[in-house]
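Asker: Using the sequences and the accompanying hints, generate a full structural model.
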Amino acid sequence: MSSLVAEAVQAELGAYEPWPDNACLYQPYQVEQITFPDYANCLSVKTFLHMCGLEFHTEVRTNAEEMSPSGKVPFIHVGAFLVSELDPIIAFVNTRGFQLSRDLDEGMKSEMRAYMALIENVMVNAELYLAWIDEAVSEEITKPRYGYIHPWPLNRLLPWQKQSNVRARLNSVGWAKKTMDEVCDEVKTCCQALAERLDSKQYFFGDKPTELDALVFGHLYTILTTRLPVSRFAEIVQQFSNLTAFCTRVEENFYKKYGRDF
Amino acid sequence: MVKLSQEVKLKLERLQLFKHISILIDTCRGKGSSPNGYEVLFEVRESRPVTGGINTLIGNNDASLLFGIKFPNIYGRGERLQADYTHGTKQVRGYNVSFTKPINANPDVLFGCGLYQYNGEYPWSGYKELDRGILFDLTFPSFIGTHSLKWEGVWRDLRALSRTTSFAVREQAGHSIKSSLKHIYVRDGRDDPILPSTGTLLRVTQEYAGIGGSVEFAKQDVELQYNQSLLWDTVLQFSGAFGIMRSLNTKNDIKINDRFFLGGPLTLRGFNLKGVGPHSDGNALGADAYWLCAAHIYTPLPFRPGKGGLGDLFRTHFFVNAGNLGNISLNNNLRENFWRMAETFRWAYGGGIVLRMGSIARMELNYVIPVQLQRGDSVNPGLQFGIGLSFL
Numbered sequence: 001m002s003s004l005v006a007e008a009v010q011a012e013l014g015a016y017e018p019w020p021d022n023a024c025l026y027q028p029y030q031v032e033q034i035t036f037p038d039y040a041n042c043l044s045v046k047t048f049l050h051m052c053g054l055e056f057h058t059e060v061r062t063n064a065e066e067m068s069p070s071g072k073v074p075f076i077h078v079g080a081f082l083v084s085e086l087d088p089i090i091a092f093v094n095t096r097g098f099q100l101s102r103d104l105d106e107g108m109k110s111e112m113r114a115y116m117a118l119i120e121n122v123m124v125n126a127e128l129y130l131a132w133i134d135e136a137v138s139e140e141i142t143k144p145r146y147g148y149i150h151p152w153p154l155n156r157l158l159p160w161q162k163q164s165n166v167r168a169r170l171n172s173v174g175w176a177k178k179t180m181d182e183v184c185d186e187v188k189t190c191c192q193a194l195a196e197r198l199d200s201k202q203y204f205f206g207d208k209p210t211e212l213d214a215l216v217f218g219h220l221y222t223i224l225t226t227r228l229p230v231s232r233f234a235e236i237v238q239q240f241s242n243l244t245a246f247c248t249r250v251e252e253n254f255y256k257k258y259g260r261d262f
Numbered sequence: 001m002v003k004l005s006q007e008v009k010l011k012l013e014r015l016q017l018f019k020h021i022s023i024l025i026d027t028c029r030g031k032g033s034s035p036n037g038y039e040v041l042f043e044v045r046e047s048r049p050v051t052g053g054i055n056t057l058i059g060n061n062d063a064s065l066l067f068g069i070k071f072p073n074i075y076g077r078g079e080r081l082q083a084d085y086t087h088g089t090k091q092v093r094g095y096n097v098s099f100t101k102p103i104n105a106n107p108d109v110l111f112g113c114g115l116y117q118y119n120g121e122y123p124w125s126g127y128k129e130l131d132r133g134i135l136f137d138l139t140f141p142s143f144i145g146t147h148s149l150k151w152e153g154v155w156r157d158l159r160a161l162s163r164t165t166s167f168a169v170r171e172q173a174g175h176s177i178k179s180s181l182k183h184i185y186v187r188d189g190r191d192d193p194i195l196p197s198t199g200t201l202l203r204v205t206q207e208y209a210g211i212g213g214s215v216e217f218a219k220q221d222v223e224l225q226y227n228q229s230l231l232w233d234t235v236l237q238f239s240g241a242f243g244i245m246r247s248l249n250t251k252n253d254i255k256i257n258d259r260f261f262l263g264g265p266l267t268l269r270g271f272n273l274k275g276v277g278p279h280s281d282g283n284a285l286g287a288d289a290y291w292l293c294a295a296h297i298y299t300p301l302p303f304r305p306g307k308g309g310l311g312d313l314f315r316t317h318f319f320v321n322a323g324n325l326g327n328i329s330l331n332n333n334l335r336e337n338f339w340r341m342a343e344t345f346r347w348a349y350g351g352g353i354v355l356r357m358g359s360i361a362r363m364e365l366n367y368v369i370p371v372q373l374q375r376g377d378s379v380n381p382g383l384q385f386g387i388g389l390s391f392l
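Read top to bottom, the protein sequences are chains E and P.
Counting in UniProt numbering, the first sequence runs without a single skipped number right up to 262 at its last residue.
Counting in UniProt numbering, the second sequence runs without a single skipped number right up to 392 at its last residue.
One should not assume that every hint holds.
Stated by the list, open to error - DSS-like cross-link-like pairs, simulated, lysine-lysine; straight-line CA separation at most 25 Å: (1) P:K255 x E:K72; (2) E:K162 x E:K178; (3) E:K72 x P:K19; (4) P:K307 x E:K162; (5) E:K257 x E:K208.
Note that these hints are calculated values from the structure, not bench results.
Treat the numbers as computed from the prediction; the structure is a model and nothing was measured.
Answerer: Shown next as structure tokens:
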């Protein structure tokens, strides 16, 4: 309880300070270490900050996950504040006066929230399922990467521990027992909904990006570009040409144009 | 022969297998006995095969229950198996299983192994740590003192204690495996471990970490104590300690959970617990070298109340203690480092009362005047209370 109050007070206090030059985003090593669900989350946060036009630099740390106040990556270090995961980061950035969805009316805002919840409930779970539950992907890719920086026996123990945590999480939402086909159906329905909302617009809510655009880009781009033994998710996303075009557009406007790396 | 049987009795007592041992010596009377033979009879009462206990421990900010069970002689050759389980108010604090065996029934040569898990909080540095470890050790005497060789493999999960933990500490969060070989040499000639009146103690600890695992360092720690009795039961005590460590892998710094800390009511009096040396946002960061020395004069309580009884557990003492904690920079040469450690030292003096608690711990209530301190130190001038197992 006291920590909740402290958090609220911190966020309140943060409101009056400008965005500092030394804002930092912490994440695991991209080439050898990061697992792709984490990569998607990091990419969403980075895209969101770029869309807000906020300067930050990325710090890679092998222990980013353990450093994070919530135990999840990425997290940002701004002045005296540490904020992890996309939703709290959006709320924190809002207190500094940056809000992408400012021009939307209340109805649109709640629609945007609904789509964001859809991504959290479907895409995130589907990614975790593919990374940790699917036998081929978890044994060949996810586990070796997760344990990469640790010596024996931690390189076996920690991935195994993480896998059982993820399994417990998916089990609580009824996803652990699904088959791959059922998961693919969920992903397909989710993409269908997104594609219909996007239609032929630039971004999901007109020609300005919103928080939803950052979140969708993070996940879809990761699915499209990560090479895995099982590529069914990528095949599903590729069926929706407006979604792939959207990914190319965001990449062009917020990364390539400025010569930024992911 | 009487002397020999007495030695056997002593040895049996030190193995701690029996509650009571008595010796009966008589002449031999049986058939075929030699005319001047003797019969030596040892009458023993065995201690219980299983003992157990439940204790309450009060820590810094929570209480815990300790359940213990002990088999003092599990296989009949002095092997001891002990298991403890501690449950705190917030979480399971830890468990510990250890097994020791005297080699060749010699109570001085001991082989031991153990398995443990421990959940510790270190509020002075703002972190908590979960340790899971396994250890093997061998203790044996030599003509210069007692040696103990120990191998320990421990998986440590370090996390920031709260949101207010300094970022410098948070950066060190994560898993590490320490596999280390430790050699402890002790030569203890004192007449009492807590309030000695004569004798010297020398304890040298060397630790080498880096046989596998992700932590690589070498650590050296020396402790020395000299006691001299003076007139009227007064004891003069000089003690000193120093330690130094260095990382054996230039890529990795030594983590906070391996470093040295200094300060506290029983070590460098006049400073708060781990209050000396580098700090960041109020969290002690530790360093890789320290030195500490102290001079005490112990006297019995004034007018000696309770002499021969309770009063003998107390002493008054006056002391001066000085020390320093700092990092050794590899850019400077040895002499520069040495001078830096010598120049920026801290010192304090004072007096107070010492209470001896059993033969392992002591309690002190002192009035301390810190004289020299450095920026960033957390000082405790005036009354200071301390209780603990290690002191100088």
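Asker: Hint compliance check: list the failing hint numbers for this structure, sorted ascending.
Answerer: Checked against the structure, the hints that fail are numbers 3 and 4, while the rest are satisfied.
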